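Next come the chains, spelled out residue by residue.
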Amino acid sequence: MTIDAGAISWRFFRVWKRNLVTYQRIWKVNFITPLLEPLFYVTAFGLGFAGLIGDVVYGGTHMSYVRYIAPALLAAAVMNNAFFETTYTSFVRMYYQNTFDGILATPISLEEVIVAEIVWAATKATGAAVVMLTVLGLFGLVTFPGALMVVPLAFFGGLAFASVGMFFTGIIPTIDMFNLPVFLFITPMFLFSGTFFPVSNLPAWARPLALAFPLHHLVELFRRFCVGTHETATWISLTYLAVFLVAFVLLALMSMKRRLIQ
Amino acid sequence: MPDIIKVTNLVKRFNGFTAVDGISFSMPKGNFYGLLGPNGAGKTTTIRMLYGFSPPTEGELRIFGMDIATEWRKIKTKMGICHQENTLDPDLTVEQNLHIYAGYFAVPGKKARERTDELLAFFALDHRRHAKVRELSGGMARRLILARALINQPDLLILDEPTTGLDPQSRHQVWEKLEELKKTGLSVLITTHYMEEAERLCDRLVIIDHGRIVVEGDPKTLKCEHAGDRIVEIVGPDPELRSFVSERRIENDDLGTRMLLYLRDGNEVEDTIRERFCMDRCVYRGSTLEDVFLRLTGRELRE
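If you read the protein sequences in the order shown, they are chains A and B. Its first residue numbered 1, the first sequence is counted upward by one per residue in the working numbering. Its first residue numbered 1, the second sequence is counted upward by one per residue in the working numbering.
No lab work stands behind these hints: they were computed from the structure. This one's a predicted model, so the numbers in the text were calculated from it and none came from an experiment. Some hints could be false.
27 Å max Cα-Cα, derived BS3-like pairs, lysine-lysine [as the list claims (entries may be wrong)]:
hint, chain 1, residue 1, chain 2, residue 2
1, B, Lys-110, A, Lys-17
2, B, Lys-132, A, Lys-28
3, A, Lys-257, B, Lys-74
4, B, Lys-78, A, Lys-257
5, B, Lys-6, B, Lys-29
6, A, Lys-17, B, Lys-78
Computed from the model, here is a short list of chain B residues facing chain A with C-beta under 8 Å [what the hints assert, rightly or not]:
hint, residue
7, Phe-53
8, Arg-73
9, Ile-81
10, His-83
11, Glu-85
12, Asn-86
13, Thr-87
14, Asp-89
15, Pro-90
16, Asp-91
17, Leu-92
18, Gln-96
19, Ile-100
20, Phe-105
Ideal Cβ positions, reconstructed from N, Cα and C, are used throughout, including at glycine.
Turn these sequences into a full structure, and let the hints guide you.
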């Protein structure tokens, strides 16, 4: 299965727009999640949990536990929004609504549909990050203007997680089997990427595993810009995510072409 | 006149199964061309290759004189496709379905709105402009799919079973609309299971079975050649009738409890049959495309 570069053009934007128009009908409901999610976490960890553990030592500095997890919550929201969009939602469009079949009867290629789905998922993830960032900013948990870097980075990270989701959509036989990548990939990543405790707290053998998670690198980048500290070099995180993104865009294109074109 | 579609030795194999086994046909401009065949004959596979969705295993496929393998984008800009399944966007309204679809063809906004208004009026969907697609009846949804396939003012329209599952009223309405489109000189390729539909709409047609072309021609000639001028259906044929038929060499199909005799003009056995063999029940009727279809593709079930 080869990828034809000539099959990808600006036309993907039309499919992106289709998703935007659809989303406009439900956006009010969809904005409640990123609005409330940080409130729940900040309350639970800030009021309930922080009393048990006090401050966190991270990257050589002391900070409150809530301030430590705030950038990680943002990164996890980017991951979830992007990944769930290109898995469950794209699968519904592809399989149950025949949306892709309708689009593929026009001068738009399958490659453009895939790219549009990925870019759309990243857009949606960025929107969620912006809402959350505003709420966290109001609590004084992130520092501006540095924290504004979250916006482009959320889009970048969103692309990476959307691509891996799209790859799973290309290989998964039925929609209920998405439970597997969610349970084996998303959940461990959410827990062990230096999100709720620093990776340096893990035993030495487990650290490289955490560093292999793409979420870890997005968390590190967000922390660097939101609270000004980090443990992994920024260029390593950026390079890792870029390589991850390119690899999974290609894998997503290949798996979806193999699935749909017969 | 140049051919809108030219298919040469088209073959499609999936994991060792040959769905389309070397078909060739050409469709002239302005034609209503039928692609008929039983389930699994290779109709939909052929259509999927025609609109560039599925790459052919072998053979050549030219539309508007261009090769679909390389110039698919140019070809699809001037093509409208109506799928067998409902591929309308359930998340959007009737109007939005047309607007968004126009965007896929890069039709400019103003033009898209004009075209949407024209098509909604033409297909009598004006009053449901803001309805959600899932609120539409089967007939309305089908008309919207047709409208959507015409949004880019195509030179070629491909219809995959456009009236399957519709009630008679809706079906006749779709036919009327298609006949109006025919008058504008639009070229249409249509697949269908309804022989009445093919007979009414098609200028020419091809019957395919097991991935191969069985016959090609215009409906009238095909009827004459393969089902005679008139047909007598006799219920409960007896041995005497059977021997009479074989003695006179009358073309027939013996279905056990029923016998069909295909009579040609100038064959003066009708009176004899009426007097001697129509003891139980006899039907005298003209031949139809359905007779041709059943004679050529057989009567056994396919699925």
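Status of the hints after comparison with the structure:
1. For the proposed pair Lys-110 of chain B and Lys-17 of chain A, the alpha carbon gap of about 17 Å is at most 27 Å, so the pair holds.
2. Proposed proximity of Lys-132 of chain B and Lys-28 of chain A is supported: the alpha carbons are some 19 Å apart, at most 27 Å.
3. Under the criterion of a C-alpha separation no larger than 27 Å, the hint pairing Lys-257 of chain A with Lys-74 of chain B is consistent with the structure, at around 21 Å.
4. The suggested pairing of Lys-78 of chain B with Lys-257 of chain A holds, with an alpha-carbon distance near 24 Å, which does not exceed 27 Å.
5. For the proposed pair Lys-6 of chain B and Lys-29 of chain B, the alpha carbon gap of about 11 Å is at most 27 Å, so the pair holds.
6. Taken as a hint, the Lys-17 of chain A and Lys-78 of chain B pair is honoured in the structure, with Cα atoms around 22 Å apart against an allowance of 27 Å.
7. The interface hint given for Phe-53 of chain B is met, as the beta carbon of that residue sits about 6 Å from the closest beta carbon of chain A, less than 8 Å.
8. Of the supplied interface hints, the one on Arg-73 of chain B holds, with its beta-carbon coming within about 5 Å of a beta-carbon of chain A, less than 8 Å.
9. Given hint, Ile-81 of chain B at the interface with chain A, holds; its Cβ is 4 Å from that chain's nearest Cβ, closer than 8 Å.
10. Given the 8 Å rule on beta carbons, the hint for His-83 of chain B holds: about 6 Å separates it from the nearest Cβ of chain A.
11. Interface hint at Glu-85 of chain B: satisfied, since its Cβ lies 6 Å from the closest Cβ of chain A, which is below the 8 Å cut-off.
12. The interface hint given for Asn-86 of chain B is met, as the beta carbon of that residue sits about 7 Å from the closest beta carbon of chain A, less than 8 Å.
13. Because the smallest distance between the Cβ of Thr-87 of chain B and any Cβ of chain A comes to about 4 Å, under 8 Å, the interface hint for this residue holds.
14. At a threshold of 8 Å, the smallest CB-CB gap from Asp-89 of chain B to chain A is about 6 Å, leaving the interface hint in force.
15. With 8 Å as the threshold, the beta carbon of Pro-90 of chain B comes within range of chain A, its nearest partner Cβ sitting at about 6 Å, so the hint holds.
16. Interface restraint check for Asp-91 of chain B: the shortest CB-CB distance to chain A comes to about 4 Å, inside 8 Å, so the restraint holds.
17. The beta carbon of Leu-92 of chain B is positioned within 8 Å of a beta carbon in chain A (closest approach about 7 Å), and the interface hint is therefore held.
18. Contact between Gln-96 of chain B and chain A, as hinted, is supported at the beta carbon level, the nearest pair being about 6 Å apart and thus within 8 Å.
19. Hint status for Ile-100 of chain B: holds, given a least beta-carbon distance of 5 Å to chain A, under 8 Å.
20. At a threshold of 8 Å, the smallest CB-CB gap from Phe-105 of chain B to chain A is about 6 Å, leaving the interface hint in force.
Consistency note: the structure conflicts with none of the earlier hints.
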